[in-house]
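Chemist: Can you make the complete structure from the sequences, with help from the hints?
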Amino acid sequence: MGKTVRGQWHREILSSPSLSLSPMGGWQRNKGWSHSVTFTRMERNPLQRQVAYMRRSLFDQGYLDEQFVQLEDLQDDANPNFVEEIVTLFYTDSARLIHNIEQALESRPLDFIRLDDYMHQFKGSSSSIGAKKVKNECTQFREHCSARSAEGCVRTFQQVKQEHTILRRKLETYFQLARQAGLAN
Amino acid sequence: MLLLHIGKPFNLRKEILGKKMRGKGSSSSKISTLIVDDDPLTRRIHKVLLTKVGLETQAVENGKEAVDLYRSGASFDLILMDLEMPIMDGPKATKELRAMGVQSMIVGVTARDLEVEKQMFMASGLDDCYVKPLTTDTVTALVEKLNKDN
Chain B
1 MGKTVRGQWH
11 REILSSPSLS
21 LSPMGGWQRN
31 KGWSHSVTFT
41 RMERNPLQRQ
51 VAYMRRSLFD
61 QGYLDEQFVQ
71 LEDLQDDANP
81 NFVEEIVTLF
91 YTDSARLIHN
101 IEQALESRPL
111 DFIRLDDYMH
121 QFKGSSSSIG
131 AKKVKNECTQ
141 FREHCSARSA
151 EGCVRTFQQV
161 KQEHTILRRK
171 LETYFQLARQ
181 AGLAN
Chain U
1 MLLLHIGKPF
11 NLRKEILGKK
21 MRGKGSSSSK
31 ISTLIVDDDP
41 LTRRIHKVLL
51 TKVGLETQAV
61 ENGKEAVDLY
71 RSGASFDLIL
81 MDLEMPIMDG
91 PKATKELRAM
101 GVQSMIVGVT
111 ARDLEVEKQM
121 FMASGLDDCY
131 VKPLTTDTVT
141 ALVEKLNKDN
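Protein sequences appear in the order of chains B and U.
Read left to right, the first sequence gives residues 1 to 185 (UniProt numbering).
Read left to right, the second sequence gives residues 1 to 150 (UniProt numbering).
Any given hint could be a false lead.
To be verified - The list that follows gives simulated cross-link-like pairs (lysine-lysine, DSBU-like), each with its CA atoms no further than 30 Å apart: (1) U:LYS92 <-> U:LYS64; (2) U:LYS52 <-> B:LYS133; (3) U:LYS118 <-> U:LYS95; (4) B:LYS133 <-> U:LYS148; (5) B:LYS170 <-> U:LYS47; (6) U:LYS118 <-> U:LYS92; (7) U:LYS92 <-> U:LYS148; (8) U:LYS52 <-> U:LYS30; (9) U:LYS52 <-> B:LYS170; (10) U:LYS148 <-> U:LYS52; (11) U:LYS95 <-> U:LYS145; (12) B:LYS161 <-> B:LYS133; (13) B:LYS170 <-> B:LYS133; (14) U:LYS95 <-> U:LYS148; (15) U:LYS95 <-> U:LYS47; (16) U:LYS47 <-> B:LYS161; (17) U:LYS145 <-> U:LYS64; (18) B:LYS133 <-> U:LYS64.
Unchecked claim - Just the calculated beta-carbon pair ranges, DEER-fashion: (19) U:LYS30 <-> B:GLU66: 38 to 48 Å; (20) U:LEU114 <-> B:HIS99: 21 to 31 Å; (21) B:MET54 <-> U:PRO40: 26 to 36 Å; (22) U:SER75 <-> B:GLN61: 20 to 30 Å.
Hints were generated in silico from the structure; no laboratory data involved.
For glycine and all other residues, C-beta sits at the position ideal for the given N, C-alpha and C.
Modeler: Below you can see the structure in the form of structure tokens.
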């Protein structure tokens with residue numbers, strides 16, 4: 001088993017190497033065998049540590065959930081930018097839904113069924129990328145649709161948009177830093 | 001310290017999953033899947049997921065396109081059918097495919113989590129129904145069931 005050395009940890013793998021540090025800041029499985037491994041923190045450059053810390057924070061602060069990890073697991077040599085591609089696709093598609101919802105919120109009387117339908121799509125897309133806080137706000141909005149509360153819908157939609165924007169900025173920063181870390185590596 | 005489970009080697013699992021059932025009469029050695037979903041995000045995620053486990057994939061945007069494909073003579077081992085789609089939704093497309101005698105495994109995928117809605121979808125002729133997006137484990141289980149049933 002590997003020994004820890006003060007200030008420097010090293011990875012000990014029980015069999016053939018199956019993990020390497022992903023430019024995205026996490027661990028990625030290399031092609032081939034997957035084995036039980038025990039490992040301790042590898043020495044990384046400061047940029048890689050920053051990327052890993054940022055990634056960890058996104059989960060710890062509730063911005064992302066397990067679905068984001070599922071996307072990371074799908075990223076490989078055949079689809080090297082898959083996660084960023086999916087997130088970009090989400091933000092392109094969700095801009096359309098936001099526009100639709102904004103228009104629907106201007107009509108009187110409010111069509112709660114249409115609003116709920118739009119938000120159902122929005123929630124589904126948010127779930128697909130693991131956007132946990134956005135998804136939760138979508139759920140709140142739909143509850144107000146069920147309750148036929150116009151004030152509730154208007155208020156929670158602002159929160160949906162806010163979380164949507166916050167996450168976009170965080171992910172943009174994260175992907176940018178990850179790219180730099182990858183280049184630096 | 002992080003302990004990972006011991007699993008089958010990825011490339012061996014890919015070979016097992018990708019291998020087509022015997023006796024299907026197709027010359028292809030890969031399981032073919034049809035993704036039926038109006039959401040481009042879901043289509044992309046499922047396409048990469050299914051390809052990664054060794055399956056052939058094709059995607060259409062609504063139930064009518066799926067039905068038209070079968071009417072033109074195409075056939076797939078597995079269909080991932082979304083519930084809500086414009087033009088023709090999942091339940092209607094599933095009913096129509098079953099009425100045509102299609103025996104492919106049809107699995108519903110939906111963002112709706114209510115049991116009553118899933119049961120309604122199942123009643124249209126699905127073999128199973130899951131909340132989307134699918135995970136690698138779910139797809140693995142589906143393909144193993146597909147192989148076992150045949």
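Chemist: A separate judgement is required for each hint: does it hold in the structure or not?
Modeler: So, going through the hints one by one against the coordinates:
1. U:LYS92 <-> U:LYS64: Status holds; Cα separation ~9 Å.
2. U:LYS52 <-> B:LYS133: Distance of about 29 Å is within 30 Å: holds.
3. U:LYS118 <-> U:LYS95: It holds: about 15 Å lies between the C-alpha atoms, which stays within 30 Å.
4. B:LYS133 <-> U:LYS148: 40 Å, violated
5. B:LYS170 <-> U:LYS47: 27 Å, holds
6. U:LYS118 <-> U:LYS92: 14 Å, holds
7. U:LYS92 <-> U:LYS148: Holds - the C-alpha atoms of LYS148 (chain U) and LYS92 (chain U) are around 28 Å apart, at most 30 Å.
8. U:LYS52 <-> U:LYS30: Status holds; Cα separation ~12 Å.
9. U:LYS52 <-> B:LYS170: Distance ~28 Å between LYS52 (chain U) and LYS170 (chain B) Cα, so the pair holds.
10. U:LYS148 <-> U:LYS52: 21 Å, holds
11. U:LYS95 <-> U:LYS145: 22 Å, holds
12. B:LYS161 <-> B:LYS133: Satisfied, since the Cα-Cα distance of roughly 11 Å is no more than 30 Å.
13. B:LYS170 <-> B:LYS133: 13 Å, holds
14. U:LYS95 <-> U:LYS148: 25 Å, holds
15. U:LYS95 <-> U:LYS47: 24 Å, holds
16. U:LYS47 <-> B:LYS161: Holds, at about 29 Å.
17. U:LYS145 <-> U:LYS64: 27 Å, holds
18. B:LYS133 <-> U:LYS64: 35 Å, violated
19. U:LYS30 <-> B:GLU66: 38 to 48 Å: Between LYS30 (chain U) and GLU66 (chain B), where Cβ atoms are some 29 Å apart, the hint is violated.
20. U:LEU114 <-> B:HIS99: 21 to 31 Å: 28 Å, holds
21. B:MET54 <-> U:PRO40: 26 to 36 Å: 28 Å, holds
22. U:SER75 <-> B:GLN61: 20 to 30 Å: Given a distance of about 48 Å, which is not inside 20 to 30 Å, the answer is violated.
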